[in-house]
Amino acid sequence: MENIRNFCIIAHIDHGKSTLADRLLEYTGTVTGKDLQAQVLDDMDLERERGITIKSHAIQMDYHFEGKKYVLNLIDTPGHVDFSYEVSRSIAACEGALLIVDATQGIQAQTISNLYLAVENNLEIIPVLNKMDMPNAMPEEVKDQIVELIGCKREDIIEASGKTGLGVEQILQAIVERVPHPEGFPNQPLQALIFDSEFNSFRGIITYCRIVNGSLRTGDVVKFVNTGKEYTADEIGVLRLKPEPRQVLETGDVGYIISGIKTSSEVKVGDTITHVDEPCDVAIDGFEEVKPMVFAGIYPIDSEDYEDLRASIEKLQLNDASLTFEPESSAALGFGFRCGFLGMLHMEIVQERLDREFDMNVITTVPNVMYIAHTTKGEVYEMHNPSDMPSASTLDFIEEPFIRAQIITPADYIGPIMTLCLGKRGILINQQYHTGNRIEITYEMPLGEIVFDFYDKLKSITKGYASFDYYQIGYRRANLVKLDILLNGESVDALSALIHFDNAYGFGRRICEKLKELIPRQQFDIAVQAAIGAKVIARETIKAVRKDVTAKCYGGDISRKRKLLEKQKKGKKRMKQIGNVEVPQKAFLAVLKLD
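Here the sequence shown is numbered in our numbering, starting from 347 and rising by one per residue.
It is possible that part of the hints are untrue.
[What the hints assert, rightly or not] No more than 25 angstroms apart at the CA atoms, straight line, and that leaves these computed lysine-lysine pairs for DSS-like: (1) K913 <-> K893; (2) K608 <-> K569; (3) K809 <-> K828; (4) K614 <-> K588; (5) K828 <-> K805; (6) K918 <-> K907; (7) K922 <-> K862; (8) K723 <-> K770; (9) K907 <-> K922; (10) K614 <-> K415; (11) K913 <-> K898.
[Claimed, not checked] Computed Cβ-Cβ distance ranges for the label pairs, DEER-style: (12) G574 <-> E529: 25 to 31 angstroms; (13) D734 <-> Q818: 31 to 37 angstroms; (14) G810 <-> Q777: 20 to 26 angstroms; (15) F531 <-> G606: 28 to 34 angstroms; (16) D734 <-> D391: 35 to 41 angstroms; (17) D651 <-> L392: 19 to 25 angstroms; (18) N926 <-> F743: 24 to 30 angstroms; (19) S739 <-> N468: 25 to 31 angstroms; (20) K915 <-> H720: 21 to 27 angstroms; (21) E650 <-> K907: 50 to 56 angstroms; (22) D734 <-> D848: 19 to 25 angstroms; (23) K915 <-> K881: 26 to 32 angstroms; (24) Q777 <-> D848: 32 to 38 angstroms; (25) Q818 <-> D848: 48 to 54 angstroms.
Quick caveat, the hints were computed from the structure, so don't treat them as lab data.
Just so you know, even glycine gets a beta-carbon here, dropped at the ideal spot from N, CA and C.
All chains, please: the whole structure from these sequences, using the hints.
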């Protein structure tokens, strides 16, 4: 155990985590020859295309130092705020962390939030200044920022470059010298913590775990503590570039276990594995349950694919524990699932993975957040849909989720950022100047306002320089109203929305205009209205398709024409009473894209 080191790499997006991990693997000879490609750990096509890490990737390396052989377990983590749950799980399985800062950009918001996660778990932090080979690197300024943030000595900061391989030797030495070895008791009953899993169509579910106490051998009968199910460990091993089977996993090892599990609900991330003959007394503290921030309905385009979609989401959930889902149905879209995501990028990635990995074509509804409704009788409801809202006579007030957002930006862009945040009902909490020309602004704002396009707008007004990180701080009372869309006086359930009173008029008008373009004309006039309760706030009329009934009248008295027009008018009125309006699928999708 003295020769094992478990560490992860944490940093903001694009600070060069995966490239530096490549150099570590190359230097220790873990990956050689034709396997050596850029971002070797990003094995999903989606990760390579977008150049982002979506999953944490664990890999084991051997490193010889001062005549001893050390086993280093490296976990490369994502940098985007939407995947911070992956980072928190990786940190729980480690004793040390490489904190990587880009020498050209300095400290960013996600660097700070990942650092706090690591410090809370008592990890040994090794600061690394990456991209030192770039002509626009500012090593001295960025070192000042790191010293101010962590309080380390200047000489502790390792200068490195993922591209040229500078500093890789020093990083490996620092890991061996500074990161503590895993603590544990090899003679106690087995306790292993599950930190990830994935579905393999040939082998069943592959569970990744870290041995905290005791040891595990091939063929042992093991039990999952939370579910109480028992299995035989058919194959165990360590995670090299390809999984390598072993006969035994000792205390402190990180590895995988295959036991032919077919049902995804039997494996829970954060669960404990122990022996059936000699079980442990208590389960290990797993990870806190993930709290989804953004909710959206996912529906199959063809309603016959409902069961296939359920199976696909269950398999995806194994590999992405932060995805939550429950069944729901909609009058417009049929049966589907209400899914919880950590943010908009996470939602986009899940949709893309369903399409690529499981060939599921899906429709996603408008992303929204969960509100809490309080009635006059003192009852409390969770509202996921506008249709869950209690009637106006029984409703007392509604609470909406609030977040605290940290924005780090060059001082030149502070004006446009403040305008953006105020437009999203933000409350300024704090402004703090860091070294150089950088400022940290803290806002409290409703989560419902930022789920659509806040991040994109922030990036465009600051030319990509600002970074943004947020966490939820609870619920607050809000003036929210239910906006109904009426067609010929009948409410269309799927188009109604919960919206802040100040934004309702503009939103209602835009929806009416959009629907006027998209709904085909009928034989009668269609009134498209937006209403709050009984009060109509916007209206558009789709004119009827009419036949020219006066064409056969040429000359003669005007009363002949009027008689024919009156007759047509009566017919249209009668038709309007019995006619109903079909809303085409593309009208629903257009409303989703309004924002």
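Now the hints, each set against the structure:
Of the pairs offered as hints, the one joining K913 and K893 holds, with about 12 angstroms between alpha carbons and a cut-off of 25 angstroms not exceeded. Restraint check for K608 and K569: the C-alpha separation of about 15 angstroms stays at or below 25 angstroms, so the hint holds. A C-alpha spacing of about 36 angstroms is found between K809 and K828, which places the hinted pair above 25 angstroms, so the restraint is violated. Annotation: proposed proximity of K614 to K588 holds, straight-line Cα distance about 24 angstroms (limit 25 angstroms).
With a C-alpha separation of about 31 angstroms, the suggested pairing of K828 with K805 is violated against the 25 angstroms cut-off. For the hint pairing K918 with K907, the CA-to-CA distance comes to about 17 angstroms; that is within 25 angstroms, so the pair holds. Taken as a hint, the K922 and K862 pair is honoured in the structure, with Cα atoms around 17 angstroms apart against an allowance of 25 angstroms. With a C-alpha separation of about 32 angstroms, the suggested pairing of K723 with K770 is violated against the 25 angstroms cut-off.
Distance check on the hinted pair: K907 and K922 sit about 23 angstroms apart at the alpha-carbon level, within 25 angstroms; holds. Among the hinted pairs, K614 with K415 is inconsistent with the structure: their alpha-carbon atoms are about 34 angstroms apart, more than 25 angstroms. For the hint linking K913 to K898, the alpha-carbon distance of about 15 angstroms falls within 25 angstroms, and the restraint holds. Take G574 and E529: their Cβ atoms lie about 28 angstroms apart, and the range 25 to 31 angstroms holds.
At about 20 angstroms, the CB distance of D734 to Q818 disagrees with the hint of 31 to 37 angstroms. A hinted range of 20 to 26 angstroms holds for the C-beta pair G810 and Q777, which are about 21 angstroms apart. In this structure the hint that F531 and G606 lie 28 to 34 angstroms apart at CB holds, the actual value being about 29 angstroms. A beta carbon spacing of about 38 angstroms between D734 and D391 agrees with the range 35 to 41 angstroms that was offered as a hint.
Against the hinted window of 19 to 25 angstroms, the Cβ-Cβ separation of D651 and L392 comes to about 22 angstroms, which satisfies the hint. For the pair N926 and F743, the supplied restraint of 24 to 30 angstroms is violated, since their beta-carbon distance comes to about 36 angstroms. At about 54 angstroms, the CB distance of S739 to N468 disagrees with the hint of 25 to 31 angstroms. For the hinted restraint 21 to 27 angstroms between K915 and H720, the CB-CB distance of approximately 50 angstroms leaves it violated.
The beta-carbon spacing between E650 and K907, approximately 54 angstroms, falls within the hinted interval of 50 to 56 angstroms. Between D734 and D848 the CB atoms are about 22 angstroms apart, so this pair conforms to the stated range of 19 to 25 angstroms. Checking the proposed 26 to 32 angstroms range against K915 and K881 shows it holds: the Cβ atoms sit about 29 angstroms from each other. In this structure the hint that Q777 and D848 lie 32 to 38 angstroms apart at CB is violated, the actual value being about 25 angstroms.
Our hint of 48 to 54 angstroms for Q818 and D848 is violated, since their Cβ atoms are close to 23 angstroms apart.
Checked against the numbered hints listed earlier, the structure breaks hints 3, 5, 8, 10, 13, 18, 19, 20, 24 and 25; every other hint is satisfied.
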